[in-house]
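Sequence lines, in order, name chains A and B.
According to my numbering, the stretch in the first sequence is residues 13 to 469, in order.
According to my numbering, the stretch in the second sequence is residues 3 to 397, in order.
Just to be clear, a hint being listed does not mean it is correct.
Said to hold, decoys possible - Here are a few chain A residues that face chain B, going by a calculated C-beta distance under 8 Å:
#1 GLY102
#2 VAL129
#3 TYR134
#4 LEU443
Stated by the list, open to error - Calculated Cβ distances over 12 Å to all of chain A for the following chain B residues:
#5 GLU7
#6 TRP58
#7 PRO77
#8 LEU91
#9 THR110
#10 VAL166
#11 ASP285
#12 VAL304
For the record, the hints were derived by calculation from the structure and aren't laboratory data.
What you are looking at is a predicted structure, and each value in this text was computed from that prediction instead of being measured.
Ideal placement from N, C-alpha and C gives every residue a C-beta, glycine not left out.
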Amino acid sequence: MPVLAAAESVDLYSARWQMALSLGFHIILSCFGVAFPSLVLFAEWRSRRRGDEALMRLARKWSKAMGVLFAVGAVSGTILSFEMGMLWPGLMDRFGEIYGFPFTLEGFAFFLEAIFVGIYLYGWDRLSPRAHLLSGLPIIVSGIAGAFFVIAANSWMNTPRGFTLRDGEVVDADPIAGMMNPSTAAETVHMIVAAIMVASFLTASVYAVAMLRGRRDRYTRMGLLIPLTVGAIATPVQVVVGDWIANMVADTQPVKLAAMEGLHDSGTGVELSLGGLYIDDELVGAIKIPRGLSLLVTHDPDGYVQGLDSVPPELRPPVNVVHLSYNLMVGIGFGLLAITAWLALSWWRRRDIPRSRWFLRAVAVSGLAFVVAMEAGWTTTEVGRQPWIVYEIMLTRDAVNTAPGLRYGLWAVIAVYAVLTVLSIYVLRRLARRPDEAVAPQEVDEEPAAAREEPVR
Amino acid sequence: MTVAEAVIAAMFVGLTAYALFGGADFGAGSWDLFAGGDVRGAPSRRLIEHAIGPVWEANHVWLIFVLVVLWTGFPPAFAAVASTLYIALTLAAFGIIARGSAFAFRHTVTNPVLQRVFGAGFALSSVLTPFFLGTVAGGIASGRVPAGIATGDVIDSWLNPTGVLGGVLAVGTCAYLAAVFLCGDARREGEPALADYFRRRGLVTAVAVGAVALAGIGIIRADAPRLAAGLTGRALPLVVLSGVAGIGSMALLFRRRYGYARVAAALAVTAVLWGWALAQYPDVLPGQLTIEEAAAGRSTLVAMLVSLAIGSVLLLPALYLLYALFQRPHPVHAVPAQGSGELAPVIPAGHPGRPAARRSAGPGQQSRVRSAAVDVAGVLLGALWRRRRRSAGRR
Numbered sequence: 013m014p015v016l017a018a019a020e021s022v023d024l025y026s027a028r029w030q031m032a033l034s035l036g037f038h039i040i041l042s043c044f045g046v047a048f049p050s051l052v053l054f055a056e057w058r059s060r061r062r063g064d065e066a067l068m069r070l071a072r073k074w075s076k077a078m079g080v081l082f083a084v085g086a087v088s089g090t091i092l093s094f095e096m097g098m099l100w101p102g103l104m105d106r107f108g109e110i111y112g113f114p115f116t117l118e119g120f121a122f123f124l125e126a127i128f129v130g131i132y133l134y135g136w137d138r139l140s141p142r143a144h145l146l147s148g149l150p151i152i153v154s155g156i157a158g159a160f161f162v163i164a165a166n167s168w169m170n171t172p173r174g175f176t177l178r179d180g181e182v183v184d185a186d187p188i189a190g191m192m193n194p195s196t197a198a199e200t201v202h203m204i205v206a207a208i209m210v211a212s213f214l215t216a217s218v219y220a221v222a223m224l225r226g227r228r229d230r231y232t233r234m235g236l237l238i239p240l241t242v243g244a245i246a247t248p249v250q251v252v253v254g255d256w257i258a259n260m261v262a263d264t265q266p267v268k269l270a271a272m273e274g275l276h277d278s279g280t281g282v283e284l285s286l287g288g289l290y291i292d293d294e295l296v297g298a299i300k301i302p303r304g305l306s307l308l309v310t311h312d313p314d315g316y317v318q319g320l321d322s323v324p325p326e327l328r329p330p331v332n333v334v335h336l337s338y339n340l341m342v343g344i345g346f347g348l349l350a351i352t353a354w355l356a357l358s359w360w361r362r363r364d365i366p367r368s369r370w371f372l373r374a375v376a377v378s379g380l381a382f383v384v385a386m387e388a389g390w391t392t393t394e395v396g397r398q399p400w401i402v403y404e405i406m407l408t409r410d411a412v413n414t415a416p417g418l419r420y421g422l423w424a425v426i427a428v429y430a431v432l433t434v435l436s437i438y439v440l441r442r443l444a445r446r447p448d449e450a451v452a453p454q455e456v457d458e459e460p461a462a463a464r465e466e467p468v469r
Numbered sequence: 003m004t005v006a007e008a009v010i011a012a013m014f015v016g017l018t019a020y021a022l023f024g025g026a027d028f029g030a031g032s033w034d035l036f037a038g039g040d041v042r043g044a045p046s047r048r049l050i051e052h053a054i055g056p057v058w059e060a061n062h063v064w065l066i067f068v069l070v071v072l073w074t075g076f077p078p079a080f081a082a083v084a085s086t087l088y089i090a091l092t093l094a095a096f097g098i099i100a101r102g103s104a105f106a107f108r109h110t111v112t113n114p115v116l117q118r119v120f121g122a123g124f125a126l127s128s129v130l131t132p133f134f135l136g137t138v139a140g141g142i143a144s145g146r147v148p149a150g151i152a153t154g155d156v157i158d159s160w161l162n163p164t165g166v167l168g169g170v171l172a173v174g175t176c177a178y179l180a181a182v183f184l185c186g187d188a189r190r191e192g193e194p195a196l197a198d199y200f201r202r203r204g205l206v207t208a209v210a211v212g213a214v215a216l217a218g219i220g221i222i223r224a225d226a227p228r229l230a231a232g233l234t235g236r237a238l239p240l241v242v243l244s245g246v247a248g249i250g251s252m253a254l255l256f257r258r259r260y261g262y263a264r265v266a267a268a269l270a271v272t273a274v275l276w277g278w279a280l281a282q283y284p285d286v287l288p289g290q291l292t293i294e295e296a297a298a299g300r301s302t303l304v305a306m307l308v309s310l311a312i313g314s315v316l317l318l319p320a321l322y323l324l325y326a327l328f329q330r331p332h333p334v335h336a337v338p339a340q341g342s343g344e345l346a347p348v349i350p351a352g353h354p355g356r357p358a359a360r361r362s363a364g365p366g367q368q369s370r371v372r373s374a375a376v377d378v379a380g381v382l383l384g385a386l387w388r389r390r391r392r393s394a395g396r397r
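Same shape as in the complex, but just chain A (with noise of 0.2 Å):
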C-alpha cells in the first residue's frame, strides 16, 4: 500500500513520519486536555455538594493523572513547534503570518491552561473549596479555545483564505480571515467533540475493565457512569457534525472527498463505497449502496459528485490510506453509537447500565477503539490532501526543510516516543492501580515518603 508518490524523496518522507508520528502521540494527549478538566471538576462539584467521598476519591485521583497527561502533552506540544519549523520552513516562510497567527493565539489560551493547571493541582489544600473549583473552569475554557486556534490553523491548510499570492509572495495577508476559513467551524466542532469523546471513552474503559475484574463499589460505578454518560452524549452529536464536515469538504476539496470514497469517476447518482481496495483506478471489493454518495453528500439521489479523475494523476492522494482510514473512522464511530443506544435503552428500562458482561467488554474496548478512530480521521484529513501541505497552493515537497540529515530526525524521534508512550502508559497504569489516599493531601511533594507506601484506606 503506497503512502506516498514515488517522487518523493526519503527526506520528506522521513519529514512527513516524523511529523505524522509527533502529532498522532500529541493529539491523544490533547484531547484530554481539552476534554478531561470537565470530568474532573465535575466529580469535584458533585462530591462537594452531595458530601460524596467517593466522588472526591474519584476527582483526587483524576487529577493525579490530569498532571501526568498534561505535562507530556505540554512537552509534546512543544517538540510540535519546534518541528513546525524544523521539517517545514517553506510552509513558515512563506505563510507563517497566515497560518501563525491562531497559535499566537493559541499559545495565551495554553499559558492560561497551564497556570491554573499548576494551581488546581496545587492548590487543593491551599485554596478554599469553591476557589479551587473556580481555579478550574479557566483550564475547561482555555483547553476549549486553545484546540479551537489550532484546528483552525489545520483548517486553512484545507481551504486557505485571507491573502493574495503575487509572484508567488503573499501580499495583503488578513490572519483573521485566514483563520475563520470555510473549514474553520465543522473541523474545530468535530475535533472538540472528538476530544471529548476520547477522553471520556479511555476513562470509561479503565473502570469497564475494573468492574469487569469484580469491583462494583461507588467509586468504582461512579468512574465508569460519569465519562460514559458524556461519551454517550457526544457520540449522537459526533454523527451528525460528521454529516456536517463531510458535505463540507465535498464542497471545498472535492478530490480529498473522492480519495475518502475512492471515487475514480466524477458523475451524478454515484453509489457510496464501503472498504475495498483502490487498484488501477477501481475499487474493488466494496460494498455498494447505490446514489448513496451522491444523497449523502448532495442530499439528492442524482447529485453530481466529482471523482479523482478530476485532477491529474499526481495531484491525487494516496487513496487507499484515506479510504481505508476514513472507513475505519466512520465504522468505529458507529459502533461507539450502538454502545450509546444500548446503553440509553437500559437506562430508560431501568436506570441503570445493561447487566450484560458484554457491555462492559464492549465499554472497555471503545477506548482504545475510539482512539484509533481519531487517528483515522487524522490520517484520513491530511494524507486526503497530499501531495499539497497548503491546499492548491503549495506541494508539501516544497514546504520540507533541505538540509541534510533530515532523515535521522525520524528515527530518534520513533525512538523518543517509543519510551514516552511506555512510561506514560506505565505510569498511569500505577496511578491507577494504587490505592487511593483518602484523607492525605493531593500532590506527593506534601505527604512523607511513608504515607506514600502505605496508603490510608
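Given chain A, put chain B in place with the hints provided.
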C-alpha cells in the same frame, strides 16, 4: 518604534521571561543532578520539587510564546533559524520532553528505584536543554544562520566557539538563577541550613559564570567580531549593567539578602539579553536579515499587537495569582499532621526554622501595603513573600 519593532520587543520580553523563569527551573533541575545520593540529596531535592512543581509548566509556555510570535511576526527568520539549526533544536526538544515528563513521572510513582531513574532523567535533561538552547542563541548571535531555508551549515552553525560559549553560559546562568531563587525559597520554608547550602553553591557558580563570561569576551572577539563590536559599542552600557548587577547579586547573596539578590541576578540576565538584542539591532539575523525585512505584513503585526495586549490583560493577573499562591508559606491549617509538612521528614520538628515558618503564615495587612512596590517586582520574580517573612523574623 515601528510596529515590527514593537512585536519583536514583545517577543524579547517573552524570551527574557523564559530565561528568568524557565531558566531557573532548568537550573533547579541541574542542582538536583548534583544534590548527591538519596539520603544526602533528599532535602534539596524536595525543596526543588516543591519550588518548581506548580509553576514549571507555566514558565515553559514562555518558550512557546517566543516561537509563535517569531514565526507569525517574522516568518523568514523563524524558517531560517529552524531549518539551519534543526539538530540543536531537536536535541533541545528531546531535552524538553525528557525534563517535563520525567519530572511528572517522578512525582507520580512511589517506587524508589523508578523515582531515581526519572529523577536522573529530569536532572540530566535540565542541564542539556539550556545548553542546546544556548548554542542556538550563540549560533544566531555569531551570524552563522543565513537568511533562506537551510542555507547554513547544520553542524557549524551551532557547534562553534560562540555557540558553545552560549550553551555553557546558559547552563551556568540557569544554575545561578536557581540557586539564588532557591535560597529565598529555603528560607521561606524555614530551612536556613538549606538556604546556606544553595548560597554556597550560588556563590561558586557566580564566580565560575563570571570567569566564563570574561573568557567569553576573548572568544567572541575572535569568533564573532561583528557581535563583539555591537556588544562593546552601542550595547556597552547594558553589558556593563549586567556585570555590575551580577557582582551586586553575588554581594547580596553573600550577605544573605536573598530578595534583593534575586532582583539583581534577574537584572543581570535581563541586561545581557537586551544587550545582545541591541548589539545586533536592527538585524534579526546579524548581517543577513533586518527586522523590517523579516517582518510580516502590517495587518498581521497589528493583529498580533492587539492580541498581545488583550492576552496580557488576561495573563498577568493569572501569573500573579500563580506565583503569589505558591510563593506564600503553606497555610498552617493545611498541614494535616505532625511530620507531613513539606520537609518535615528530613528536618526535625524542633528545628529552629519551623516555628518561624508558622509564625509568618499570615502576613499583616500593614506590611502588605508597605511592600506593595516590592510586590510589583515580585510578580516578575516570584520572590516577594519571603522578604516579608524575613522582616517578620527580625522583629
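Self-check item: Whether PRO77/B stays farther than 12 Å from all C-beta atoms of chain A, as the label says
Solution: About 3 Å separates PRO77/B from the closest Cβ of chain A, which leaves it inside 12 Å; violated.
Quiz item: Would the least Cβ to Cβ distance between VAL304/B and chain A come out above 12 Å?
Solution: Not fine: 10 Å to the nearest Cβ puts VAL304/B too close to chain A.
Quiz prompt | Per-residue hint verdict: VAL129/A, partner chain B, C-beta under 8 Å | solution = Holds, about 6 Å.
Quiz item: Can TYR134/A be said to touch chain B, with a Cβ gap under 8 Å?
Solution: holds, 4 Å
Exercise. May I ask you to check that THR110/B keeps its beta-carbon over 12 Å from the closest beta-carbon of chain A?
Key: Not fine: 5 Å to the nearest Cβ puts THR110/B too close to chain A.
Quiz item: Would the stated hint for LEU443/A survive a check requiring a Cβ distance to chain B of less than 8 Å?
Solution: holds, 6 Å
Quiz item: Can we trust that TRP58/B is non-interface, i.e. its beta-carbon lies farther than 12 Å from all of chain A?
Solution: violated, 8 Å
Self-check item: Whether LEU91/B stays farther than 12 Å from all C-beta atoms of chain A, as the label says
Solution: Nearest chain A Cβ is 5 Å from LEU91/B, so the label is violated.
Quiz item: VAL166/B: least C-beta distance to chain A exceeds 12 Å?
Solution: holds, 20 Å
Quiz prompt | GLU7/B remote from chain A - nearest C-beta pair above 12 Å | solution = holds, 16 Å
Quiz item: How about GLY102/A: closest beta carbon in chain B under 8 Å, or not?
Solution: Given a least distance of 6 Å, the restraint on GLY102/A holds.
Quiz item: With d taken as the least Cβ-Cβ distance between ASP285/B and chain A, does d exceed 12 Å?
Solution: For ASP285/B, whose nearest Cβ neighbour in chain A is about 18 Å away, the distance exceeds 12 Å, so it holds.
Checked against the numbered hints above, the structure violates hints 6, 7, 8, 9 and 12; every other hint is satisfied.
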